Structure formats: C-alpha cells, structure tokens
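Number of protein chains: 2
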Amino acid sequence: MSDLDVSQVLAWLETAAQMLRDSFQEEREISQKTGNLDLVTDMDRRIEQFLVSNIREFYPGDRILGEEGTGDQVEEMSGRVWILDPIDGTMNFIKQQENFAIMVAVVEDGAGKCGFIYDCMRERLIWGGPDMGLYYNGQPLQPPQDQELKDSLVAINWQMFADNVSNVQALAWGSCGVRIQGCAGTEFIHLLLGKQSVYVSKLAPWDYAAGRILCEAAGLRCSTIEGAPLAWLESIRGVFATPRAYESAIRLLNMQ
Amino acid sequence: MSDLDVSQVLAWLETAAQMLRDSFQEEREISQKTGNLDLVTDMDRRIEQFLVSNIREFYPGDRILGEEGTGDQVEEMSGRVWILDPIDGTMNFIKQQENFAIMVAVVEDGAGKCGFIYDCMRERLIWGGPDMGLYYNGQPLQPPQDQELKDSLVAINWQMFADNVSNVQALAWGSCGVRIQGCAGTEFIHLLLGKQSVYVSKLAPWDYAAGRILCEAAGLRCSTIEGAPLAWLESIRGVFATPRAYESAIRLLNMQ
Chain A
1 MSDLDVSQVL
11 AWLETAAQML
21 RDSFQEEREI
31 SQKTGNLDLV
41 TDMDRRIEQF
51 LVSNIREFYP
61 GDRILGEEGT
71 GDQVEEMSGR
81 VWILDPIDGT
91 MNFIKQQENF
101 AIMVAVVEDG
111 AGKCGFIYDC
121 MRERLIWGGP
131 DMGLYYNGQP
141 LQPPQDQELK
151 DSLVAINWQM
161 FADNVSNVQA
171 LAWGSCGVRI
181 QGCAGTEFIH
191 LLLGKQSVYV
201 SKLAPWDYAA
211 GRILCEAAGL
221 RCSTIEGAPL
231 AWLESIRGVF
241 ATPRAYESAI
251 RLLNMQ
Chain B
1 MSDLDVSQVL
11 AWLETAAQML
21 RDSFQEEREI
31 SQKTGNLDLV
41 TDMDRRIEQF
51 LVSNIREFYP
61 GDRILGEEGT
71 GDQVEEMSGR
81 VWILDPIDGT
91 MNFIKQQENF
101 AIMVAVVEDG
111 AGKCGFIYDC
121 MRERLIWGGP
131 DMGLYYNGQP
141 LQPPQDQELK
151 DSLVAINWQM
161 FADNVSNVQA
171 LAWGSCGVRI
181 QGCAGTEFIH
191 LLLGKQSVYV
201 SKLAPWDYAA
211 GRILCEAAGL
221 RCSTIEGAPL
231 AWLESIRGVF
241 ATPRAYESAI
251 RLLNMQ
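If you're matching them up, the sequences are chains A and B in order. Using the working numbering, read the first sequence as starting at 1 and increasing by one per residue. Using the working numbering, read the second sequence as starting at 1 and increasing by one per residue.
It should be emphasised that the hints constitute simulated quantities derived from the structure, not laboratory data. The structure displayed is predicted, hence computed values, not measured ones. Treat the hints loosely; a few may be bogus.
All copies of an identical chain are treated as equivalent in the list; a pair is satisfied when it fits inside any one copy or across any two copies.
SDA-like mimics (lysine to any residue), calculated; alpha carbons at most 20 angstroms apart, straight line [as the list claims (entries may be wrong)]: (1) Lys113 to Arg80; (2) Lys33 to Asp5; (3) Lys202 to Thr34; (4) Lys33 to Leu10; (5) Lys150 to Ser31; (6) Lys150 to Val40; (7) Lys113 to Gln145; (8) Lys113 to Met255; (9) Lys150 to Gln32.
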C-alpha cells in the first residue's frame, strides 16, 4: 500500500471542480434514484468515474466505495478504502447551481486517515486528518471554538425537523436558530469554520465519511443520535458537534 | 422632491459594505432587542446612521423608516419614504460573519419605486424597480423562470416551520426541499436568481420592503399568507413566490 499523495488528490479535486463549473454550460441528464427527492445526474457519474479511474491507476491495491456504484462492493474495511461522494447535494447542484460539494475520505483498516470536502462554487476546500492537521484553502485551519448550543446556530435535516424525529425541534429551540443548506458537505464546512455548533442529519456512508474524519481531527464529537460510535458502512442518523454543544444535543435528542 | 440618483445610493451601499467587512477586525457590542434571538450590534446602528445622514443631506424632504429607529416616526406613506435595514440577518452577521444583507427600499406615495439588496460578503447586489428593470452586480437581470412548487426548493422561517404555522410543512413536502438561510435579504436574492420558488416568513417592514419591490418588478407574487395585499408599515407573515408556485402555496397554506 503506497503512501497517500495528498497533493495529487488535491489536483484531482481541482480538475473535478472545473468539470462541475463547466457543466452549467450544458444540458443535464437527470434521473431519480429512490424517489423524486433523490436525484442523480450524468455529472455525478462522470465525476465519480474520473476519481475512480485515477485511484485505480495510482493506488491499484485500494478499494473504492462510491455513491454512484462505479467502485467496488465494500463490505468490510480492511486495507485502504476510499469513500467518494462525487456531488454531495445533487438537488442543490440542479436547482441552485451552488451549495454542493465533492467529498473524498481515505480510511485505513477502519481508521480515518484523510478527508477532503470541496465546495467548488464558493471555492472553500477543507482537508486533513488526525496525523496531518487541517487545512482550509491551503492554509492551516485552527479547530473551531467549543461553542455552547445556546450561543450558536445549528443545522438539521429538514425532513427530520418537520417530523421532529428524536426531538430535534428541542435542539432548535435551545439554540440561536436553525440553518439548512441541504448539503452535508457545506454543513461540515460550517461546523469546521465555527459558523454553527451542531449538525444533525440522516446520512449514507459517503455523506459523512470525509466530514467525520475532519470533525474528529478538529476535536469535534461525532456519533449516532443515540450516542453510539459511527461505523463506516452504515446509513446513520448522526450528530456532529462541538464538545459542549454535543452534550446538550445528546441529552435533548434522547429525552423521553 | 428631487429625482432619485441610483448611482449615489449604490456608492453608499459600497461604503457601508466595506464598513461591515472591516468590522470583523474589531470586537462587537451586542445587545438584545426583544429577546435572545433578536440581537443588535453597534454596526447595525452605525450603518443605519451612515445611510440616514446621507439621505438627510441629499434628500432633505424625504422621510426615513429605519429598523434601528434613527430615522423618523413614519405612520403613513405620503411623499417619499426610505425603508432601511442596515444589517438584515444580524444573527448570521454575529455567528457566521456572512449571509446577511443591507436592504434599502424607496417608496413614493405608497408605490414601490426602487429596492436594493446587497449580500456584501458574497458580493451579490440586486437592485431595481418597476420603471427601471432589475440589475444584478451591474448587469441586467432576467426575471426568474416561473417554476412550479413541486419542481423547486422553498425557504421557510424556521420557527414557523417547527410550529407548522399555517400548514407550512405541507408546502415543504410539496416541494423539492426546504433551505433556510436565516436572512430575508439572501432569501430574496435566491428567489430573484431562480434558486428557489417560494419564501415564507414573518417579517417587519424593513425585512420585506426592498424584496417586495424587486419581486414585484420581476413578476413574482407577494402577499400575506392569507393572500391579502401587503401594506408597507405592518409586520406580516408573507409569501413571495413565482406565479405558479404562489397558487400552490396559497392553497396549501390556507387548507382547513
């Protein structure tokens, strides 16, 4: 297993970002996955294929879990595994032409090594991991302040918020307010930049793998809503938060 | 009453925007207005005073309604009235240092003449009115497509969404999803750029005056949740939407 060349991954991300920016000049093919709120475009597949082909060429022994299924069937986490979300926030990509992200996570024998989240329309790129620190647009990123829930904004998946799943509305009322971007990647960026203290959402592995690695490297807490440790291959209802806000969030989300 | 010099107003907005950007280098004075979710800073007051003093100098016969109360007591809309929100989205200004807006509306004898909304951190400035068309960062702005509710994103005030005021959750489920920025100004920008089809919120006069003028000039529909025409001096629960999405929204919001 060769060492990870971060600068090479960053170059792939820049190329992918330019493909996405250029794509707004063309008509898109859009189709439904699980329903009318779960869309996929030809660009989701093109970006994933671009990343997969590069990883296959330079890291032939690695395995790849990609949202669009062009990687491998990954059922356990031995060795090095790449987890890819080529366009996180596809609905925003289609409807807003912004507020989406490319996300890449690298996991070795079940330990998060490096995460990359790139909001390429706003040119906000955060990457890093436990052994390398955090970087924001090429500069070292200081971990966010340990804000309290009551003094900060929170992000909550809108469907969970409407249905008050696990009491999430109590979390909202205990905060300075709710903001919803509809993209896990940009919500993680806001957490890492200290713009909000909590993010609660239902997420597939590619939605949270990079964000989890970055949050843990920044000293933030990550778990399921029930407080259980995160796996890598399961869809979850997750909480990502500053340590202080995490304590409040877990208490409120698990009140009987 | 002298003619309105739009380029002069744009120059004031640029100066105010620079004051706001520079303000992040300093400590802020923050105090509560009606409660812990309704904050005001020294910058809200400084920006309003800057705008008020310029309007007083160049348009001495005009009256001014400002959020921070440094203008006039305006109880009816005769003559020319300026409606000012020096920082719309003060909570975001404090917590995110972005996603806020400066808003200015000019109303003559109760008719909206010109609105300005400036998201100065992202450098998105929209201005215009019924007799002058719409401009986005200096370029003419085409009105947004007449999107259907079911094919588009919507923005809903998070407190109304939590409490399902006027059935707003049905609006959400009838759409492609909810996005919440917590700033009326940036929600109006998203409407005007076609990134969402509906905005529902509870708003004070300075929160909606500029947005209403711009939306009406763009062919969008604006009313109270009950479908009544908007006044200028009342706090409202308002709906702002593309014509097609407006029909769906009013029906859903008024279902028994």
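Verification of the supplied hints:
For the homomeric pair Lys113 and Arg80, the shortest alpha-carbon distance inside one copy (9 angstroms) is at most 20 angstroms, but the shortest distance between copies (62 angstroms) is not. In this assembly of identical chains, Lys33 and Asp5 lie within 20 angstroms of each other by CA distance neither inside one copy nor across copies; the values are 34 angstroms within and 52 angstroms between. In the homo-oligomer, the alpha carbons of Lys202 and Thr34 lie at most 20 angstroms apart inside one protomer (15 angstroms), although the nearest pairing across protomers, at 34 angstroms, exceeds that limit. Taking the shortest alpha-carbon separations for Lys33 and Leu10, neither the intra-copy value of 29 angstroms nor the inter-copy value of 46 angstroms comes in at or below 20 angstroms.
Taking the shortest alpha-carbon separations for Lys150 and Ser31, only the inter-copy value of 15 angstroms comes in at or below 20 angstroms, while the best intra-copy value is 41 angstroms. Proximity of Lys150 and Val40 under a CA criterion of 20 angstroms is satisfied inter-copy only: 17 angstroms between copies versus 37 angstroms inside one chain copy. Within a single copy, Lys113 and Gln145 get their C-alpha atoms no closer than 23 angstroms, and across copies no closer than 45 angstroms, so neither meets the 20 angstroms cut-off. In this assembly of identical chains, Lys113 and Met255 lie within 20 angstroms of each other by CA distance neither inside one copy nor across copies; the values are 34 angstroms within and 52 angstroms between.
In this homomeric assembly, Lys150 and Gln32 come within 20 angstroms of each other (Cα to Cα) only across copies, at 14 angstroms, whereas the closest approach inside a single copy is 39 angstroms.
Violated hints, in rising order: 2, 4, 7, 8; the structure is consistent with all others.
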